[in-house]
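Engineer: Spelled out from the first residue to the last, the chains are:
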Amino acid sequence: MIVVLEQIFQVGFLAAIIRIATPLAFATLGEMFSERAGVLNLGIEGIMLLSAMTGFTATSLSGSLWLGVLAAVLTGALMGAVHALFTVALGLSQHVCGIGVTLFSSGLAYFLYRLIFGQQSVPPSIKSFETLPIPVLSDIPVLGPAVFNQFSLVYMAMAAVPLAAFVLYRTPWGLSVRMVGENPRAADSAGVGVIATRFQAVILGGALMGLAGAFLSMVQFNAFTFGLVSGRGWVAIALVVFGRWDPWRSAGAALLFAFVDALQLRMQASGLGHIPYEAFLMLPFIFTIVAMAVMSRNAVAPSALLKPFRREER
Amino acid sequence: MFRLEARTSTPAWFNLALPLLAIGATLVLCSGLIALAGAGVIEAYGVMFSASLGDSYAITETLVRATPMIFTGLAVAVAFRAKFWNIGAEGQLLAGAVASCAVGAIPMPGPLAMLLMALAGAAAGAAVALIPATLRVKFKVDDVVSSLLLNSVIFYALMALIEGPWKDSFSGYPISPPIEDSANFPVLLEGTRLHLGVVAAFLAAPVIWFLIVRTTLGFRIRVIGENPEAARYGGIHVERVLISTALLSGALAGLAGVGEVGGVHFQVMSDISPGYGYSGIVVAMLARLNPLGVMPAALFLAAVMTGAEAMSRATGVPAFLSEVIQGTALLAMLVALLFTAYRIRRVGAAR
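Protein chains in written order, with our numbering: chain A, 1 to 314; chain B, 1001 to 1351.
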């Protein structure tokens, strides 16, 4: 126990938690916006992968990191629009469309990457972002270097959480999103464009998933690798349930998951002798499943989740 | 002007026409990528076709590749009929492969070994599928997410085995010890890889079709998928049927793993399945969840996969094209399914 506590209050460990949580926070917020509007987006895994690829490629070709981030965000938004086209405009099964979007996006990501970079023994990498210490705050002992000496994308994730909460709960658009996710017919009667609002929410969600992908290929790994996302998208979907479709709670869930993941990485590194490292790798996934089992009884999903809206049908 | 109009019934020829339409649209859409890669579209598809269906050896290779996807396609079709969203066929396949490999390594008479491998693989797949089903019934956990997450758990468990106790101590490669020679599925055609499991897959499809269409369990599976409220009202124990569906679905996915171990690889390695579990979803949807349709749908995907590798060697177009084709085919099929619910009617502009 003492060993665990000592681990937690190390700068490196705290910083690792923050870094692992960042892409998850973007992805979780993205999925949350989509689901609050009534659209489950199982395309998240593939959207993150494709965005990671386009972001990496744009940076690699242009030399500009922010151009890469922009490319990833636009890719995510575009794939969000594709998912919305199928599920919102055409009202097709959200489950199956999401899987289709994931299969399509991952296939396309690998295809284009191989086409652009060919088969190389050493995968090309980029010069990543540098950390940006925040004056004064970064001088706080332990917390400062871990939390306030981070990459700009990490700060963006930190800012994204209150911003998402503000947008969802305090703006007219956020109200529309919640209305079309809870009771689209009432929203329609009140003059809210159900289809348009859902499109916007899914596209915004896709853009956030794009940021998550950009972080993975441009900050965490500095390269695009096969299996780069490796289930993080699916985890984000579980975290939305765990966070009860609320921005703050979802971000908290992302932090908790990141804590478990960072802990298992430490346990792997500390070489707990005979335990195979795969046991640690599966730990966060088992943790997520158990957490969902504990939380799901009380979790109340948006009422209109998975339900397509067709105006003429009663 | 055109407008969409609700349809009350769909003609039978739609079952054939819609998948063909979806596949046609997919090939047209994906030809853009071939052109982008600087290859001739006709040439690339031509190589793809001749390498997968052009001669008898190619056809046997395609049949061998279709086999696991027939099983996972059936697994998904059965599950989706009951609206049990089993996206975990991949993990269930891996579990089936591991279990059958463990059994196949025990020395015993060949036919007995094969039978026990199939039973063990089916049981392992069913056991894995039971987890998301139980979580959904008891804890209201979304089955999509839990079955997806379980895929990662099972994959790491497999890795732990082949990098741990099963690791080849001689070569140091992360592969399991091979199964006994006597447990290798017999090859049906000299000089090919056409094994007994291929026949089993093509027999399983009509059996599952009969089960779904003609038996009480099949009726219950369909009813709880189409209208759970009515099913409950009619005295069907929805939870129990859901569990049965999960067991059946998982067992079928497990058998996909059995076939790969007994008939193709004779051991377990990390890349024993290039996503056959996920391809099963594409297969099931192309088949419109009809077990008989699963066979041609799996053959199509198998031909694409087999052909894509040859196409890549001949034209330089990345073989990942086959994955793009799978995703596009799934989406195209979903759109094509709209024609079963709606018809396009020409509406006169003048009134």
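What the hints contain is simulated information worked out from the structure, not anything from laboratory work.
Hints should not be assumed to be uniformly reliable.
Below, simulated DSS-like cross-link-like pairs (lysine-lysine); rule was C-alpha separation at most 25 Å, straight line [what the hints assert, rightly or not]: (1) B:Lys1138 - A:Lys307; (2) B:Lys1167 - B:Lys1083; (3) B:Lys1083 - B:Lys1140; (4) B:Lys1138 - A:Lys127; (5) A:Lys307 - B:Lys1167.
Here the structure is a predicted model, which means the values were calculated and not measured.
Engineer: Could you grab the alpha-carbon distance between lysine 307 of chain A and lysine 1167 of chain B and see if it respects the 25 Å cut-off?
Structural biologist: 48 Å, violated
Engineer: Regarding the pair lysine 1138 of chain B and lysine 127 of chain A, is the alpha-carbon distance no greater than 25 Å?
Structural biologist: 49 Å, violated
Engineer: Under the criterion that the straight-line Cα-Cα distance not exceed 25 Å, is the pair lysine 1167 of chain B, lysine 1083 of chain B satisfied?
Structural biologist: With Cα atoms ~39 Å apart, lysine 1167 of chain B and lysine 1083 of chain B exceed 25 Å; violated.
Engineer: Starting from lysine 1083 of chain B, check that the Cα of lysine 1140 of chain B is at most 25 Å away, please.
Structural biologist: Given that 25 Å is the threshold and the Cα spacing comes to 14 Å, the pair holds.
Engineer: Hint check: lysine 1138 of chain B vs lysine 307 of chain A, CA-CA at most 25 Å. Holds or violated?
Structural biologist: Given that 25 Å is the threshold and the Cα spacing comes to 24 Å, the pair holds.
The earlier numbered hints that this structure contradicts are 2, 4 and 5.
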